[in-house]
Structure formats: C-alpha cells, structure tokens
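With these hints in hand, go ahead and build the complete structure from the sequences.
There are 2 protein chains.
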Amino acid sequence: MPPTIRSRRPVRSALVLFFAAAAAGAVVASAHAQGAQREGRRSRTREVKPTELTPAQVTELTRIANERKLNFDDLMAASKTFMPSGRHDEYVCFASGGQSGQVFAIGVPSMRLLRSIAVFTPESWQGYGFGVGNDVLAAGNMPSGRTIGWGDTHHPGLSETNGEYDGQFLFIGDKANARVGVIDLRDWETKQIVKNPLSVSDHGGCFVTPNTEYVVEGGQYATPLGFGYAPLAEYKKSYRGFVTFWKFDREKGRIDVAKSFALELPPYFQDLFDAGKGASEGLVFGNSFNAEMAVGGIQSGKPPFEAGCSQRDTDYLHVIDWKIAERVVASGKTEDLGGFKVIPLETSIAEGILHLAPEPKSPHGVDVSPNGQYIVVAGKLDPHVTVFGADRIRKAIADKKFSGKDDFGVPILDFDAVKEAQVELGLGPLHTQFDDQGYAYTSLFLDSAVARWTLGGEYESKHPEQPWKLVTKTPVQYNIGHLVTAEGDSSSPDGRYLISMSKWSIDRFVPTGPLLPQNFQLVDISQQGTAMPVIFDMPIGVGEPHYAQIIKADKLKSWQVYPELGWNPHTQSVDPNAPKAGKEGIVRDGRNVTINMTAVRSHYTPEHVEVNEGDHITWRITALEQTPDATHGFTIGGYNINLSLEPGEFAEIKFTADMPGVFPFYCTEFCSALHLEMLGYFLVKPSGAGKDAVGMAR
Amino acid sequence: MPPTIRSRRPVRSALVLFFAAAAAGAVVASAHAQGAQREGRRSRTREVKPTELTPAQVTELTRIANERKLNFDDLMAASKTFMPSGRHDEYVCFASGGQSGQVFAIGVPSMRLLRSIAVFTPESWQGYGFGVGNDVLAAGNMPSGRTIGWGDTHHPGLSETNGEYDGQFLFIGDKANARVGVIDLRDWETKQIVKNPLSVSDHGGCFVTPNTEYVVEGGQYATPLGFGYAPLAEYKKSYRGFVTFWKFDREKGRIDVAKSFALELPPYFQDLFDAGKGASEGLVFGNSFNAEMAVGGIQSGKPPFEAGCSQRDTDYLHVIDWKIAERVVASGKTEDLGGFKVIPLETSIAEGILHLAPEPKSPHGVDVSPNGQYIVVAGKLDPHVTVFGADRIRKAIADKKFSGKDDFGVPILDFDAVKEAQVELGLGPLHTQFDDQGYAYTSLFLDSAVARWTLGGEYESKHPEQPWKLVTKTPVQYNIGHLVTAEGDSSSPDGRYLISMSKWSIDRFVPTGPLLPQNFQLVDISQQGTAMPVIFDMPIGVGEPHYAQIIKADKLKSWQVYPELGWNPHTQSVDPNAPKAGKEGIVRDGRNVTINMTAVRSHYTPEHVEVNEGDHITWRITALEQTPDATHGFTIGGYNINLSLEPGEFAEIKFTADMPGVFPFYCTEFCSALHLEMLGYFLVKPSGAGKDAVGMAR
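Residue numbers (the working numbering), protein chains in the order written: chain S, 24 to 721; chain A, 24 to 721.
Be aware that a few hints might be false.
As the list makes no split between identical chains, a pair holds if one copy fits it or if it spans any two.
What the hints assert, rightly or not - Below 30 Å or equal to it, Euclidean Cα-Cα: the simulated DSBU-like pairs (lysine-lysine) are:
no., residue 1, residue 2
1, Lys325, Lys603
2, Lys92, Lys442
3, Lys677, Lys214
4, Lys218, Lys677
5, Lys325, Lys708
6, Lys260, Lys580
7, Lys677, Lys325
8, Lys92, Lys575
9, Lys606, Lys496
10, Lys346, Lys428
11, Lys218, Lys364
12, Lys282, Lys708
13, Lys485, Lys92
14, Lys418, Lys485
Keep in mind the hints are simulated off the structure, nothing from the lab.
Quick look at the structure:
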C-alpha cells in the first residue's frame with residue numbers, strides 16, 4: 024500500500040511574489056464587492072427624493088420614446104416593471120418547467136428568470152445528477168428499475184401554515200411518471216423524490232392542505248393500479264383513478280411514505296385538486312373529465328379520445344373528506360399495494376369519504392376561494408364557470424341530498440343543492456385565481472383572454488360591482504393555460520399582479536426556430552373595474568411551465584452560505600466525513616481510495632491524484648468558502664462528473680477509475696482572477712501494458 | 024402474425040356534436056390567433072405618432088416613479104430596454120450556458136431569455152436525448168465509450184462570410200470533454216457533436232476563420248495527446264498542448280472530420296484563440312499561460328498551480344499560419360492519431376506554421392480588431408492590455424526578427440518588433456471587444472469594471488480622443504469575465520450595446536439559496552466619451568455563461584414550420600419513412616413492431632398500441648401541423664421517452680418493450696382546448712403469467 028499523502032501548506036517562494044500581489048488584488052476585489060454590497064443594500068433601500076421631472080428631462084425621455092416608438096402606455100408599463108440595478112423584486116413566482124422537469128423562479132414585477140431548480144432532470148451546472156443528487160434521482164425510477172431522466176412538472180405547491188405560504192418548502196409533481204419532488208427553500212435544492220406506487224402517470228398535481236399535513240397528488244389517465252396489465256376491453260372493471268395523500272414531515276423536511284395513503288377512484292380522468300380551507304377545511308376537491316369512460320380507438324373507427332371524452336354534458340367534481348380518510352386509514356381499513364395503503368373505492372363510499380357532484384363540461388380547473396367558501400370549476404367546453412358553495416356541499420352531504428349514484432355506487436350530490444352561482448365568461452374557461460378586492464380571474468383559452476369577475480357573499484363589499492358578474496376581459500397573446508396572482512392560492516391573496524401563462528407566443532418574439540417560447544404576460548390588476556393592462560411579455564424558452572405560485576419575496580429565508588463548513592445539503596447538517604483544512608490527503612485501503620480534498624480560491628488540495636485502473640474511488644470535497652456567491656465547481660473531464668460546491672458545502676462522489684489516462688480536474692465556476700489556474704490532475708495508471716502505449720506520449 | 028391494423032378516419036356520431044362545436048371554437052381561436060398575428064406584425068412596425076407627453080401624462084409617470092422609487096436615470100434605462108408586447112428585439116445574443124451544456128439566446132436590448140438550445144446535455148422539453156438526438160449525443164461520448172451527459176460550454180462562434188456573421192450556423196465548444204457542437208440556425212437544433220481525438224479537455228473555444236473554412240478549437244490543460252498515460256514527472260517530455268482546425272462543410276452543415284487536422288503545441292496552457300481577418304487573414308492567434316510548465320503539487324509542499332503558473336513575467340502568444348498548415352496537411356506531412364491528422368510540433372517549426380511572441384502576464388484574452396490589424400492581449404496579472412500589430416508580426420516573421428527560441432525550438436518573435444501599443448486600464452484585464460466608433464472595451468475582473476479605450480491607426484479619426492488611451496470605466500456588479508458588443512467580433516461591429524457578463528451577482532437579486540445567478544448587465548455604449556451607463560441587470564440562473572456573440576436579429580432566417588410534412592431535422596429533408604395521414608397503422612414482423620403514427624390537434628392515430636413484452640419497437644410519428652407554434656409533445660409515461668414535434672416534423676424512436684403493463688401516452692405540449700384528451704394507451708402484455716397478477720386489477 025503506498026503511503027498516505029498528507030496535505031501540507033505550500034511553501035511560497037520569492038518567485039510567487041507577483042502571485043501574492045495578485046492575491047492582494049483579490050482582497051481588494053473582495054473589499055470592493057463588499058463595498059458594492061453595502062452600496063447594493065443602500066440602493067435597494069435608497070431614499071430617492073420625490074422625482075420632479077424637469078422640462079429638459081421630459082424632453083430627453085420623449086426623445087428616447089420617439090426613437091424607440093414607445094407610446095405613453097409603453098412608458099407606463101416600463102416604469103411599472105423596470106428594476107434598477109440591485110433592487111430586489113417584491114415577489115417570486117415559482118413556475119413548473121413543464122417537460123423540462125425543473126422549477127423556475129421568476130422575479131415579479133421585473134419578470135426576470137432568477138434561477139432554475141433541478142428536480143426530475145439532471146442539471147449539470149447545479150451538479151445535480153453528475154456525482155451528487157444521484158440517489159435522490161434514483162429514488163424516482165420506475166419500480167421495474169428503469170431510469171427516468173426527466174419529468175413533466177405541472178403544479179408547484181408552496182408549503183402553507185394556516186393557509187398562508189410560509190416559504191419553507193416547495194412541492195412539484197411529474198405528470199409523465201407520477202412522482203413528487205420536495206424542495207427545501209433554505210438552499211433551493213431537491214431533497215426527495217417519491218414515486219407513486221399506484222400509477223405510471225398522474226396529473227402532476229401538488230396541492231397542500233392548509234398546514235401542509237398532506238401533499239395531494241391527483242391521478243389522470245386511468246390504468247390498472249399497481250402497474251398491472253389488463254386489456255382496454257376491461258377498462259371499467261380493471262382500470263382505476265386515484266388520489267394520493269403524501270404525509271409531510273416538516274421537521275425532517277421529507278414525505279413520510281409510511282404515513283401516506285391513497286384513495287382508489289372511479290376510472291374518470293381525475294385532473295386538478297385543490298384543498299379546502301376555512302369554510303371547507305378538511306375537504307379536498309378534484310375535478311375530472313371522461314365521465315364517459317371513453318377508451319378512444321380512432322384506428323378502428325371509434326371516436327378518438329378528444330370526442331369520446333366530450334360527449335356528456337357533465338363530468339364529476341370529486342369531494343373528498345380527508346379527515347375521515349385519515350381515521351379510516353388509522354383504523355386499518357386499507358388494502359396494501361406494494362407496501363402502500365390504499366382505501367378501496369367501496370370503503371370510501373361506505374365511510375362517506377367520497378362524494379361526486381355534476382360539473383359542466385370537461386372541466387379543467389378547480390379552485391377554492393380564499394375564505395374556502397367557493398369552489399370554482401371551469402368546464403373548458405362550457406362558457407360559464409360554476410361555483411359550488413362549501414356550506415351547501417356540507418349540508419347536501421349531511422342531508423343526503425343525492426341525485427343518484429354513479430356506476431360504482433358513489434353518491435352524486437344534487438347539482439342545484441350545491442351550486443352557488445354560474446357566471447358566463449367566454450370560450451374555453453380553464454383556471455381561476457383570486458385577489459384582495461373580491462375579484463376572481465379566469466383564463467379563457469379559446470378567447471385568449473383573462474376574465475375578471477366578481478365574487479359574492481362576504482366579497483360583495485370589496486368591489487363596486489354586482490356579485491357573480493363578468494367585469495372585463497383583457498386579451499392575451501395567445502392561448503392562455505393557467506394564470507396566477509400574487510399569493511393567489513392562499514387565504515389572503517395580495518392582488519396587484521397576475522401572470523397569464525400564455526401557451527403560444529406565435530409572433531411575439533424573435534423567432535427561435537420551429538420551437539417557440541411560451542409567453543408569461545404580466546397583468547396589472549391593481550386598479551378596480553375594467554383597467555387591467557398587460558405590462559410585460561416574458562418569453563419562456565426553457566420549458567413549458569404549466570402552473571405557478573407567487574410568494575412575497577421577503578417570506579423566503581434562503582441561506583446564502585451554508586451554516587457551517589462541511590455542510591451536507593442532503594442531511595442539512597455538518598457531515599462527519601467532510602475534509603477539513605490541513606487534513607487533506609489520499610487514503611488507500613486495498614482497491615479503495617478515498618480522496619479528502621478541500622477547495623478554496625483558487626486551488627484544490629491535493630492537486631495530484633494518482634490511482635490505478637479499476638480502483639474504487641470515494642472523492643470527498645469541502646468548499647472552504649464563507650463568502651456569498653463564492654461557489655466552486657469541480658469536474659473531472661471525461662468522467663462525466665461535475666459538482667457545484669456552494670460556500671461551505673461538502674460533497675462525496677463514488678466511482679470506479681475504469682478509464683486509464685490523464686484527466687485534468689478543474690473549477691467550473693468562475694471564482695477569482697486565478698480561476699483558470701484552479702486545476703489538478705487525476706492520473707489513472709493503466710493496468711495492462713497494452714493500454715499504455717496509445718497516443719503521442721513520447 | 025396478427026393482422027396489420029390499418030388506420031381509418033373516425034366515424035363521428037351525433038354524440039360528438041358538441042365536440043364539433045368545440046372544434047369550431049378552435050377554428051375561431053385559430054382565426055383569432057391569425058388576427059392577433061396580423062396585429063402583432065402591425066404592432067412591430069406600428070407607426071407611433073411622435074410622443075408628446077401631456078402634463079397629465081407627466082404627472083402620471085411621475086406618480087409611478089415615486090411609488091416605485093425610480094429616479095430619472097431609471098426611467099431612461101427603462102425606456103431604453105422595454106419592449107412593447109409583440110415588438111421584436113433588434114439583436115440576439117447567443118451565450119454559452121457554461122456548465123449547463125447549452126446555448127442561451129437572449130433578446131437585446133430587452134435582455135429576455137428567448138430560448139435555450141440543447142447541445143451537450145439531454146433536454147427533455149426539446150425531446151433531445153429522450154428518443155431523438157440520442158445518436159448526436161452518443162457521438163460525443165469518450166473514445167472508451169463512457170457516456171458524457173453534460174458539457175462545459177464556453178465560446179459560441181457564429182458562422183461568418185467575409186468576416187461578417189451570416190446567421191446560418193452556430194458552433195459551441197465543451198471545455199470539460201473537448202467537443203464541438205454544430206447548431207443549424209434554421210431550426211435551432213444541434214446536428215452534430217465531434218469529440219476531439221487528441222485530448223480529454225480543451226478551452227471550449229469555437230472561433231471561425233473569416234469564411235468559416237475552419238472551426239478552431241484550442242486546448243488548455245496539457246495531457247499526453249490521444250488519451251495516453253504518462254506520469255507528471257514526464258510533463259515536459261510527454262504532455263502537449265494542441266489546436267484543432269475542424270473543417271466545416273457548409274453545404275452539408277457538418278464538420279468534415281476527414282478534412283480536419285490539429286497542431287501539436289508545447290505544453291503551455293493554450294487558452295483563447297481568435298482568427299485573423301483583413302490585415303491578418305490566414306493567421307490564427309492563441310494566447311497561453313503556464314509558460315512555466317508548472318505542474319502544481321500543493322499536497323507535497325510545491326507551489327499550487329495558481330502560484331506556479333504565475334511566476335514568469337511573460338507567457339506566449341501563439342501565431343499560427345493556417346494557410347501554410349493546410350498545404351502541409353495536403354502534402355501528407357502529418358502523423359496519424361486514431362485516424363486524425365496531426366502536424367507534429369517539429370514540422371510546424373520547420374514549415375513556419377508556428378511562431379510565439381512574449382505577452383504579459385497570464386493572459387486570458389486575445390481579440391482581433393475589426394480590420395484585423397490589431398491583436399489585443401490582456402494579461403490578467405498586468406494592468407495593461409498589449410496590442411500587437413498584424414503588419415509588424417508579418418514583417419518580423421519575414422525578417423526572422425526573433426529574440427530566441429523556446430524549449431521546444433519554436434522561434435520567439437521580438438516583443439518590441441511586434442508590439443503596437445500598451446494601454447494601462449486597471450486591475451485584472453481579461454477580454455476585449457470593439458464598436459463602430461473606434462473604441463475597444465476591456466473587462467476588468469478585479470476592478471469589476473468595463474474600460475473603454477481608444478484604438479489608433481485608421482480608427483483615430485472615428486473618436487475625438489487620443490489613440491491608445493483609457494477613456495472611461497463603468498463599474499459593473501460584480502467580477503466581470505467576458506464582455507460582448509453587438510456584432511463585436513465581426514469585421515463591422517455595430518456598437519450601441521455591450522453586455523458585461525458579470526460572474527458574481529452577490530446582492531443584486533432576490534437570493535436564490537447559496538447558488539446565485541450570474542448577472543448580464545446591458546451597457547449603453549451609443550454615446551462617445553465618458554457616458555456609458557448600465558441600463559439593465561439580467562440574472563442568469565440557468566448556468567454560468569462564459570462567452571457570447573450578438574447578431575442582428577434580422578440576419579436569422581429561422582424556419583417556424585418545417586418546409587414539408589414528414590421533415591427529418593437530422594437530414595434536413597423529407598424522410599421516406601415518415602407516416603402520412605390516412606396511412607397510419609401498426610406493422611408486426613416477428614418480434615419487430617413498427618408503429619406508423621400521426622399527430623394533429625388533438626389526437627394521435629392510432630390511439631391503441633398493444634405489443635408483447637420483449638417486442639422491439641420502432642415508433643414513427645409525423646406531426647401533421649403547418650401552423651407556427653402548433654407543436655405537439657409525445658411521451659410514453661414510465662418509459663423515459665419524450666419528443667417535441669414541431670409543425671411538420673418526423674421522428675423515429677426505437678426501444679424494447681421490456682416493461683409490461685399499461686402506459687398512457689400523451690401530448691406534453693399544450694396544443695388546443697382538448698390537449699388533455701390527446702392521449703392513447705401503450706399496452707405491453709406480460710410474457711410470463713406471474714407478472715400479470717400485480718396490482719389491484721380486478
């Protein structure tokens with residue numbers, strides 16, 4: 024066994040005086056940055072004297088406006104969205120990345136993409152899936168073991184306390200593979216992925232109950248639950264929908280699979296879910312389509328799904344009492360499916376967990392008003408939104424006011440008994456959000472518009488208009504899907520800003536080939552009545568976000584530096600294996616080689632790592648930085664390894680040195696003026712003589 | 024063999040009348056979108072009457088400014104960058120994504136991220152690496168076969184004609200794995216990845232000769248060429264640098280590896296390269312650091328690389344005559360390294376291909392002025408930029424004005440003979456770009472500033488200042504790396520806009536955890552003299568862009584719809600295997616099953632695909648759309664497959680149905696009001712009886 028190489032501090036020779044000078048320069052730069060940081064803080068809170076534009080300034084502004092062909096509305100929009108250097112946005116919008124498998128954080132009102140968060144897809148610049156995070160990703164593979172390298176992220180859900188976003192965690196679902204990711208908003212990293220044990224795919228939903236007791240994941244396209252096989256001819260008999268209640272352990276920051284459960288549901292295509300709160304706390308609402316139980320079959324002359332799923336005038340709102348469900352689970356009345364607790368459909372019926380209510384027509388949104396009293400459903404093939412009353416639903420259930428049962432015996436609540444209102448808005452209504460002025464906002468896909476309409480009940484006094492009336496529509500460009508307002512899913516929306524998540528941009532931006540960006544359009548909803556202008560168009564060309572939530576920026580208490588050196592982000596604690604400064608070295612134990620490395624501006628210790636072909640490598644690195652933004656990267660070229668080491672972070676990677684040769688490792692994140700010099704050599708000595716002779720080595 | 028299922032048009036029943044109505048709605052929406060498109064075109068070219076702000080409007084603007092604490096400079100900056108809805112940016116900035124492995128396209132002056140382009144990393148929302156593009160990615164794997172799933176993209180290079188960006192192709196290098204990607208700007212897709220056959224890693228450079236004859240890829244950290252092994256003790260003997268000239272075949276849109284070649288270089292760390300043009304056409308210039316040939320060794324008490332590489336006062340500018348090199352290659356004076364032509368160092372010396380010139384100190388930029396006369400080198404540990412004269416270099420070579428030879432016998436040009444000027448700018452100068460007013464702009468990393476300075480010679484008449492003088496410095500936030508001006512690398516820069524690619528943002532944006540975005544800062548360089556304000560801060564939180572080029576948007580002639588239905592983007596022609604409408608079906612040939620599918624709003628044909636476990640699947644899909652932005656997705660949940668099918672596109676995926684069960688496939692790109700209904704079922708019948716019984720299937 025070769026001797027362990029112990030780290031020593033480098034001896035600096037006279038020749039490196041210039042280097043020292045450069046290092047001094049770095050100190051200057053650091054001081055500069057700190058000064059600038061102070062200045063930045065000043066600029067964020069700077070006291071700007073009330074602006075009084077001088078005639079000369081008005082002339083100058085007018086000149087620019089004319090040069091750039093801006094009208095007054097443009098100048099107003101620019102003034103409402105521009106952020107001076109260093110000024111922080113007031114809100115952060117967390118949007119799913121759609122088929123990108125990520126989450127995007129966007130500043131509002133500037134509509135600047137602040138960061139992506141890797142969840143279901145490896146993202147090399149974050150070092151996710153290229154040495155670390157691999158275990159988190161692997162937990163999301165299929166039960167068969169098949170690797171899944173992406174996700175179709177749909178609905179992000181912020182953790183809530185008493186129905187308010189608390190800024191601690193973010194959950195995100197993957198429609199394509201029925202998975203849920205858990206992101207810790209202290210360090211914006213994905214800590215956990217759970218694979219749904221019932222279903223291949225879901226609707227990608229993640230909606231939390233008002234105190235984040237559960238993360239709710241609704242199904243979509245029915246299959247035999249538990250990955251079984253059954254022909255489509257047995258659809259009604261063997262295919263089922265579901266909704267999963269993932270128990271969240273806030274202390275551990277993890278979903279507790281053992282305490283989670285699911286409900287077997289009829290094979291309608293369940294879609295969106297929203298948790299009740301206030302008046303409806305304890306209930307969960309889910310819409311559905313394909314009450315027809317159509318199975319398509321265009322290739323054999325049958326109606327395609329798009330027609331078959333759209334035949335009936337109503338589908339079903341699912342009303343689920345999760346507090347009863349919790350008791351039923353506790354009493355053991357569940358089936359076991361691969362170790363997961365499932366409440367059979369007949370049990371849900373017998374115990375009063377599940378009721379249906381008719382809802383027109385092919386619905387694609389269910390949204391609960393801030394007070395929990397109103398459940399708004401938009402049927403995309405009906406020009407109205409339908410509002411259900413929480414009190415009415417509770418009373419209809421108590422009074423057994425049913426209009427019948429569905430094919431599976433689920434009681435159907437009488438529509439007139441539970442309906443609060445219907446409001447005609449326009450073509451293709453989808454989703455609804457709320458503000459602080461008693462308005463609701465619904466996306467109109469076919470109209471390409473956002474509709475503002477009035478709520479009734481306790482909201483009547485907040486707006487000057489009649490209740491349950493359309494107030495105005497603002498055109499958007501084009502084909503809006505979801506929409507989101509500031510804190511619009513919480514118990515106390517802020518109003519002010521709305522984002523139209525327009526799905527098509529067509530001609531809005533410089534064409535980017537046949538694959539065009541989406542268009543997030545910021546709408547100013549601060550004024551009452553009919554004024555509701557679009558004030559910013561933001562292209563989204565990094566995925567197709569599906570849904571978003573907007574939180575007040577000051578609720579986010581993010582770390583900028585890990586609390587202590589040697590921090591393991593996965594355990595959120597100091598790692599006992601984290602190398603310390605002065606204790607670096609290489610330890611060999613037979614074919615197992617452990618590298619204990621530190622990284623600091625701008626060198627790694629050690630710089631030479633020589634092993635033999637076939638050795639099993641455990642590479643541990645601690646980033647010794649404590650300055651915000653002093654991130655180091657670490658890659659071994661050719662070995663498909665890349666880490667992002669934030670200040671204080673510890674990472675451990677394991678691999679086999681199965682490729683002989685000389686592999687430079689270097690810092691992939693620009694860290695200092697001598698960043699390019701932050702490198703070392705990983706030498707893998709060939710085991711066979713024949714492999715040695717390749718190349719031009721002389 | 025089961026009968027082939029032939030596609031038939033669906034029979035529409037009375038029950039689907041509402042569906043027809045919905046389809047009519049879709050037509051309305053389409054007409055609406057077209058109307059909006061016309062309006063959009065109007066709005067892009069709309070004639071805005073000269074704005075004369077009324078006193079009431081000034082009051083209103085002032086109110087917003089005061090509410091949002093904006094001063095006059097902020098209002099000016101907002102007016103210079105705001106884009107009204109539908110107005111197109113004037114420029115597109117193509118920035119590398121750094122360790123994200125992508126390219127980002129950013130609109131200028133609005134600084135909106137228009138799109139990412141997947142190159143070295145699978146990107147699911149583009150369907151790249153999840154069914155298609157897999158072959159392109161695989162070509163970039165290591166010679167040992169090791170899969171590489173990411174890249175450290177550094178320097179994008181736009182194709183040029185006569186030294187001007189022509190908007191046809193974009194090249195991008197991967198520093199970590201020494202690869203070059205070729206992007207076709209008709210459809211913004213990566214068509215080719217070539218792996219450098221000499222080296223593990225490079226400097227990620229992609230600089231083209233003035234008519235894109237060659238794409239130049241410079242090395243960086245020396246290794247034994249050809250992936251051999253040699254201990255660091257044999258560094259000088261066995262380690263080498265390199266520069267590769269990839270021959271580009273514009274007609275085929277591909278690098279022609281057989282016609283490409285490389286130069287063996289001394290084991291200095293070559294860095295950036297830039298191609299000569301005009302006065303210097305035929306030459307290529309590359310800077311380097313580590314003329315010391317330091318090999319680090321901090322762990323054994325030796326100076327770390329950051330010190331060892333910084334000892335000497337000068338490193339070497341490499342002057343390479345690629346026209347001579349071309350002739351030498353044609354005459355067969357090359358060595359063969361894994362089938363690749365390499366000019367040995369001694370041949371380059373003997374034939375006059377390679378000369379060195381001293382350059383102070385640890386340089387990190389080499390940039391050729393628009394007329395090709397001046398080669399600007401910035402040594403990051405020297406406060407000056409050093410300007411070399413092309414005519415002087417040619418004369419010194421002709422006159423053999425050498426100050427000696429390096430350790431390898433390469434002649435060193437006399438510094439005073441080739442030096443045109445030195446200009447003191449400040450701390451940590453890195454990179455230089457140019458404008459149309461005779462100014463050069465250099466990034467100052469340690470100063471966190473952009474320096475504007477004057478060129479001499481024919482540029483003297485363009486600016487009012489003395490030549491070779493610092494004019495002004497604008498602070499940036501913080502730690503600028505590269506910078507880029509509009510068309511700033513071409514023979515005729517536009518000026519107007521400069522982007523400071525600031526590496527650290529520290530306090531500029533809402534904190535995004537310990538991993539913070541970079542900061543692209545737009546600088547208005549339209550005025551001469553000292554006015555050079557930062558007018559926009561753009562967070563880059565999707566990677567760490569290294570370098571960028573900015574092209575006039577109207578030079579890009581992108582397709583928005585593929586030219587014909589059934590288009591294969593890889594061959595850029597109609598694919599003979601592309602399924603046609605009415606010819607869909609499933610063909611079985613033993614264990615091989617071919618699915619011929621079409622996709623159109625909003626159904627797939629066929630909708631049912633049933634196979635047996637273990638069947639080999641060839642799945643072909645044609646998107647029958649011809650409307651811009653009418654993209655469909657296609658995923659098979661659980662099977663790690665996702666496609667993005669742009670209008671007219673054909674795709675073929677191959678896989679084995681090795682996982683039994685029922686797998687919904689669906690459209691992952693929101694295509695219509697009935698997008699959710701665009702689905703089908705992929706049924707994989709289990710081959711063993713035991714596998715059938717899992718799950719809750721009744």
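- State whether the alpha carbon distance between Lys677 and Lys214 is at most 30 Å within one copy, between copies, both, or neither. Classified as within: same-chain Cα gap 19 Å, cross-chain 33 Å, threshold 30 Å.
- Query: Using 30 Å as the alpha-carbon threshold, which applies to Lys346 and Lys428: within, between, both, or neither?
  - Reply: within (23 Å within a copy, 84 Å between copies)
- Quick one: Lys325 to Lys708, C-alpha cut-off 30 Å, is that within a copy, between copies, both, or neither? between (64 Å within a copy, 22 Å between copies)
- Query: Between Lys325 and Lys603, at a C-alpha cutoff of 30 Å, which is it: within one copy, between copies, both, or neither?
  - Reply: between (68 Å within a copy, 20 Å between copies)
- Message: At most 30 Å between alpha carbons: which applies to Lys92 and Lys575, within, between, both or neither?
- Response: between (34 Å within a copy, 19 Å between copies)
- Item | Copy assignment of Lys218 with Lys364, given that the CA separation must stay at most 30 Å | Intra 14 Å, inter 50 Å, cutoff 30 Å: intra-copy only.
- Pop the pair Lys260 and Lys580 into one bin, within, between, both or neither, using alpha-carbon distances up to 30 Å. neither (50 Å within a copy, 54 Å between copies)
- Message: Regarding Lys92 and Lys442, is the shortest C-alpha distance of 30 Å or less found within a copy, between copies, in both, or in neither?
- Response: neither (50 Å within a copy, 47 Å between copies)
- Message: Within a copy, between copies, both or neither: which one fits Lys606 and Lys496 at a CA-CA cutoff of 30 Å?
- Response: Intra 66 Å, inter 44 Å, cutoff 30 Å: neither.
- Up to 30 Å CA-CA - Lys325 versus Lys677, copy category: between (54 Å within a copy, 28 Å between copies)
- 30 Å Cα cut-off: does Lys418 pair with Lys485 within a copy, between copies, both or neither? within (27 Å within a copy, 82 Å between copies)
- Between the shortest in-copy and the shortest cross-copy C-alpha distance, which are at most 30 Å for Lys485 and Lys92: within, between, both, or neither? between (39 Å within a copy, 29 Å between copies)
Hints 2, 6, 9, 12 from the earlier list are contradicted by this structure; the remaining hints agree with it.
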